[in-house]
Amino acid sequence: GARGIPVAVAGGKPFFARDDVRTAISRLRAAAAAATDDGSVGEIVRDVLSGVGWAPEAPSGQAGSERWSNMNAIVGWADDSQAETLAAFVAELDERVAYQVEPDKAGVELATIHAAKGLEWDAVFLVGVAEGLLPISYAKTAAAREEERRLLYVAVTRARDLLTLSWARSRGADGRGKRKRSRLLDGIWPEEAGVGAPKKKARASTRALNQAFEEEASPQAIELFGRLKAWRLEVSRQAGVPPFAVFTDQTLRDIAQAMPKNTTQLRVIRGIGDVKVQRFAAPVLALVRGEEVIVDDGA
Numbered sequence: 520g521a522r523g524i525p526v527a528v529a530g531g532k533p534f535f536a537r538d539d540v541r542t543a544i545s546r547l548r549a550a551a552a553a554a555t556d557d558g559s560v561g562e563i564v565r566d567v568l569s570g571v572g573w574a575p576e577a578p579s580g581q582a583g584s585e586r587w588s589n590m591n592a593i594v595g596w597a598d599d600s601q602a603e604t605l606a607a608f609v610a611e612l613d614e615r616v617a618y619q620v621e622p623d624k625a626g627v628e629l630a631t632i633h634a635a636k637g638l639e640w641d642a643v644f645l646v647g648v649a650e651g652l653l654p655i656s657y658a659k660t661a662a663a664r665e666e667e668r669r670l671l672y673v674a675v676t677r678a679r680d681l682l683t684l685s686w687a688r689s690r691g692a693d694g695r696g697k698r699k700r701s702r703l704l705d706g707i708w709p710e711e712a713g714v715g716a717p718k719k720k721a722r723a724s725t726r727a728l729n730q731a732f733e734e735e736a737s738p739q740a741i742e743l744f745g746r747l748k749a750w751r752l753e754v755s756r757q758a759g760v761p762p763f764a765v766f767t768d769q770t771l772r773d774i775a776q777a778m779p780k781n782t783t784q785l786r787v788i789r790g791i792g793d794v795k796v797q798r799f800a801a802p803v804l805a806l807v808r809g810e811e812v813i814v815d816d817g818a
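What the sequence shown shows, in this note's numbering, is residues 520 to 818, in sequence order.
It cannot be assumed that every hint is accurate.
Stated by the list, open to error - Computed cross-link-like contacts, PhoX-like style, restricted to lysine-lysine with a CA-CA straight-line distance of at most 25 Å: (1) K636 - K780; (2) K659 - K697; (3) K532 - K659; (4) K659 - K699; (5) K532 - K780; (6) K780 - K748; (7) K697 - K748; (8) K659 - K636; (9) K780 - K795.
What the hints assert, rightly or not - Estimated spans, in silico, between C-beta atoms of each pair: (10) A663 - A777: 18 to 28 Å; (11) D599 - E733: 51 to 61 Å; (12) G561 - Q739: 38 to 48 Å; (13) Q619 - D557: 23 to 33 Å; (14) A610 - D641: 29 to 39 Å; (15) Y672 - I741: 21 to 31 Å.
Just so you know, the hints here were simulated from the structure itself, not pulled from any lab data.
Idealized CB from N, CA, C, for every residue including glycine.
Using the sequences and the accompanying hints, generate a full structural model.
Shown next, in the form of structure tokens:
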């Protein structure tokens with residue numbers, strides 16, 4: 520971006536399908552075929568990629584910066600590679616292409632709420648939480664507004680550690696076109712100044728959710744919820760993290776009521792992304808089946 524912070528777009532064209540990346544790999548493959556290994560692999564890769572947009576310093580400007588970042592990812596792989604020849608490194612690249620092993624994203628990743636489904640980040644900054652945007656202005660029916668509420672839930676549950684919500688007070692720099700906070704935050708967003716009030720509201724909301732669950736859920740769901748909480752507590756103790764970092768109470772309640780039979784059904788439950796499916800699907804599904812689960816250091 521303008522401040523030199525790397526930016527990636529979630530749901531954009533896959534790394535190895537980008538024209539500049541394909542050109543770079545083709546150049547490296549041609550250089551490897553020429554068998555002119557004069558220097559380290561990293562040096563050779565830098566020399567070859569200097570002809571397709573790479574330089575020691577990142578350029579200014581978004582378009583040039585994206586191209587440079589793509590090239591620099593390949594340079595970084597070359598530096599980390601144990602390959603002794605360019606041909607061996609190109610073979611590693613071919614393997615990455617085959618398995619679509621993309622570079623780690625360093626910087627800010629931009630995503631729409633729809634594109635964020637199933638993804639998680641340590642920190643999420645959700646912007647534009649204003650009337651007319653969320654819910655969108657053309658969501659006129661109750662069903663449409665409820666779908667917007669589900670989208671907001673998807674957005675706020677993408678954050679592992681930090682969540683920030685914001686909206687603009689006006690549509691333009693001149694202050695015209697006033698905006699106000701989304702109605703979807705009613706009852707959640709603190710209305711009064713002060714440190715204590717929001718915490719009281721949060722505790723009351725949690726109690727209300729627990730009470731509603733106990734009144735409406737089946738005995739089997741309530742029993743499963745208890746076993747899920749006991750498992751979560753043991754996992755959190757061994758990992759040295761708070762229980763909600765494993766799963767929130769609401770996610771456990773949803774699991775208990777849905778009783779998913781496989782990972783596909785588990786994945787659609789709110790608050791469960793790819794990372795948590797990978798880490799916890801096996802023990803959670805075992806608990807749903809009524810099996811005993813022993814938590815070890817890897818669970």
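For each hint, the structure was consulted:
1. K636 - K780: holds, 21 Å
2. K659 - K697: holds, 21 Å
3. K532 - K659: Answer violated: K532 to K659 is near 33 Å, above 25 Å.
4. K659 - K699: holds, 18 Å
5. K532 - K780: Violated: K532 and K780 sit about 33 Å apart, past 25 Å.
6. K780 - K748: holds, 19 Å
7. K697 - K748: Violated. K697 to K748 sits at ~45 Å, over the 25 Å cutoff.
8. K659 - K636: holds, 24 Å
9. K780 - K795: holds, 16 Å
10. A663 - A777: 18 to 28 Å: holds, 24 Å
11. D599 - E733: 51 to 61 Å: holds, 53 Å
12. G561 - Q739: 38 to 48 Å: violated, 59 Å
13. Q619 - D557: 23 to 33 Å: holds, 32 Å
14. A610 - D641: 29 to 39 Å: holds, 34 Å
15. Y672 - I741: 21 to 31 Å: Cβ of Y672 to Cβ of I741: about 23 Å, so the range 21 to 31 Å holds.
When each numbered hint is compared with the structure, violations occur for hints 3, 5, 7, 12.
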